[in-house]
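Asker: The listed protein sequences derive, respectively, from chains L and D.
Every letter in the first sequence is one number past the one before it in the numbering used here, and letter 135, counting from 1, is 135.
Every letter in the second sequence is one number past the one before it in the numbering used here, and letter 56, counting from 1, is 56.
Everything labelled a hint here was simulated from the structure, so no lab data went into it.
All of these numbers come straight from a predicted model, not from anything done at the bench.
Among these hints, one or two may not hold up.
Same chains, same names: a pair is fine if it fits in one copy or spans any two.
Unchecked claim - Below are the DSSO-like pairs computed for lysine-lysine, each with C-alpha atoms no more than 30 Å apart in a straight line:
#: 1; residue 1: Lys166; residue 2: Lys226
#: 2; residue 1: Lys197; residue 2: Lys226
#: 3; residue 1: Lys121; residue 2: Lys15
#: 4; residue 1: Lys121; residue 2: Lys271
#: 5; residue 1: Lys226; residue 2: Lys159
#: 6; residue 1: Lys159; residue 2: Lys292
#: 7; residue 1: Lys234; residue 2: Lys292
#: 8; residue 1: Lys121; residue 2: Lys22
#: 9; residue 1: Lys271; residue 2: Lys48
#: 10; residue 1: Lys48; residue 2: Lys234
#: 11; residue 1: Lys292; residue 2: Lys22
2 protein chains.
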Amino acid sequence: MKNLKHSNAVRDGRKMEQQEFKSLLRQKTSEIDALIEQYLPEENGYQKTVLEAMNYSLLAGGKRLRPMLMHETFRMLGGSGRAIEPFMAAIEMIHTYSLVHDDLPAMDNDEYRRGRETTWKVYGDAMGILAGDGLLNYAFETALAAFDFAEETGTEEMKRIAGALKLLANKAGVYGMIGGQTADIEAEERRTPLSTKQLLFIHEHKTAALIQASMMVGAVLAGAGKDELAAIEKCAYNIGIAFQIQDDILDVTGDSAELGKQVGSDAQNNKQTYVTINGLEKSGADVERLSKEALRILADFEGEHDFLEELVINLIHRRR
Amino acid sequence: MKNLKHSNAVRDGRKMEQQEFKSLLRQKTSEIDALIEQYLPEENGYQKTVLEAMNYSLLAGGKRLRPMLMHETFRMLGGSGRAIEPFMAAIEMIHTYSLVHDDLPAMDNDEYRRGRETTWKVYGDAMGILAGDGLLNYAFETALAAFDFAEETGTEEMKRIAGALKLLANKAGVYGMIGGQTADIEAEERRTPLSTKQLLFIHEHKTAALIQASMMVGAVLAGAGKDELAAIEKCAYNIGIAFQIQDDILDVTGDSAELGKQVGSDAQNNKQTYVTINGLEKSGADVERLSKEALRILADFEGEHDFLEELVINLIHRRR
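Chain L extracted, bound-state conformation (with noise of 0.2 Å):
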């Protein structure tokens, strides 16, 4: 890895053994899968299909990454009680349906993912765009029955949910995710050289909008305050855009069989990428700087963040 300098740099320090956190990831993620599996719709009725076809997307194997970054920023901030729950499934809801529609023939038209076939290549495409759909509209019926859990609680607690709401929605939609998407697209079509500016525009958008939704939910959902809020944001904007290059530098230094996918293709399809714009060499130092920026900022949280801290790390400093 050409940037392993950079990565040891941000490995000193380190509050926890590798051994302990892949045995504490590998259990974390179980008990998202569980905490999903209870959000799937049943597959019945008439509407059986899309159904069938949403939970086939939901249940292609992803990481979880997002759930489990709102869950450990919940922890941090000391948050308690089971409203973050169904809004765990939801931002999994809304990243998966962004892969379906996002492998649509008619936008990348991708055939396979994680080794899979996608969900309009089994299903067809109008089932695709219905998947997509079922999905975005169930991530807010779900993120919607946070409200039960908030009967007893009071105001309060009711003002956090909606105000978790309005963030998953804002993040998720055209000032968030869309947004990047819409940018993306349209760059792919122009086939124009992309400015730095426009290329973070796409990052920030199609990629930190969500980690920002995950993180600031879960900060919301433990009554993080105003201040408390900008910091969560800031630092999923780091871990957004970090992981997002560090994307675009595996696509040029990464191993295929670790990968589990082909390097080289953003050169094949000439896709312009930070890498191509702005070169290996300050790619990899932009990634080092922007998540030591991230954990300075999580070092300033009091709660317990080990794993948190380990997570994000990872996640940056990944081969694959």
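Starting from the structure of chain L, add chain D where the hints point.
Answerer: The following block gives chain D in isolation, referenced to the frame of chain L:
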């Protein structure tokens, strides 16, 4: 019109002159148009195209029936305050997104709607998908703004808004409109004979669910009790099904010039409709029965609803 006899039966004892109704209808429609314009997203930023496509679809000259039913139900039940306003805009956004996605090449492949090119035809296939996603997501962003009006009014109003959001999401989703759309697409693809039960499932979910959402959200925000809400749900079901059967009748008996679209298109497409399954006479009688029952339910409400009653009659017995 072949079902004129039935229409006249319903028209007995009406409280509002047609001229007064038409004038009120114009006034109320333009008030709703103005309201929706307030909630349109501004068209700027790197995601400008999707915002343009969303507004193009929202301003395609709809009848604004759903926000109107919502507001009239709210009025009938003595509702007050402004929390209803974002919901009125939101239901129109949901209705509009469903048309945008319905028209896509992978779905109905329609190039024209209400005499204008459809959204995908103007902005391309990918942007048609994103504009629909954007509208659905923005509907929830918009409806969530209702909480801003509840700040002073407290917990009771927040609970009503939470209830209205749940209803909206449920009736729009896989157990509502998207469910109906799924069953409809599959019925067309399979081309096996439909049972009346299947067809009613499609009409109930694809058409009636959003009428139910409209009237029930109005009722919940006005503080309707459980029994009142159940009555409104039944009333809206009847209106929705009668509306859809009338649509099928008009495809056989209507006047192309008046309808603004070709008649006989269902027969041409070998589409199974309520009329092809049950015949014209029974279909007309069912519209009559359903609309009488809807009006009987409305009559039990003490609040002023002369306009709402006339709206329902005009809607069900429309000739276009």
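Asker: It remains to establish, for every hint, whether it holds in the given structure.
Answerer: Results of checking the hints against the structure:
no., hint, in the structure
1, Lys166 with Lys226, "both (15 Å within a copy, 28 Å between copies)"
2, Lys197 with Lys226, "within (27 Å within a copy, 53 Å between copies)"
3, Lys121 with Lys15, "neither (44 Å within a copy, 56 Å between copies)"
4, Lys121 with Lys271, "both (24 Å within a copy, 26 Å between copies)"
5, Lys226 with Lys159, "both (14 Å within a copy, 24 Å between copies)"
6, Lys159 with Lys292, "neither (33 Å within a copy, 43 Å between copies)"
7, Lys234 with Lys292, "within (12 Å within a copy, 59 Å between copies)"
8, Lys121 with Lys22, "neither (34 Å within a copy, 50 Å between copies)"
9, Lys271 with Lys48, "between (39 Å within a copy, 22 Å between copies)"
10, Lys48 with Lys234, "between (42 Å within a copy, 25 Å between copies)"
11, Lys292 with Lys22, "within (21 Å within a copy, 66 Å between copies)"
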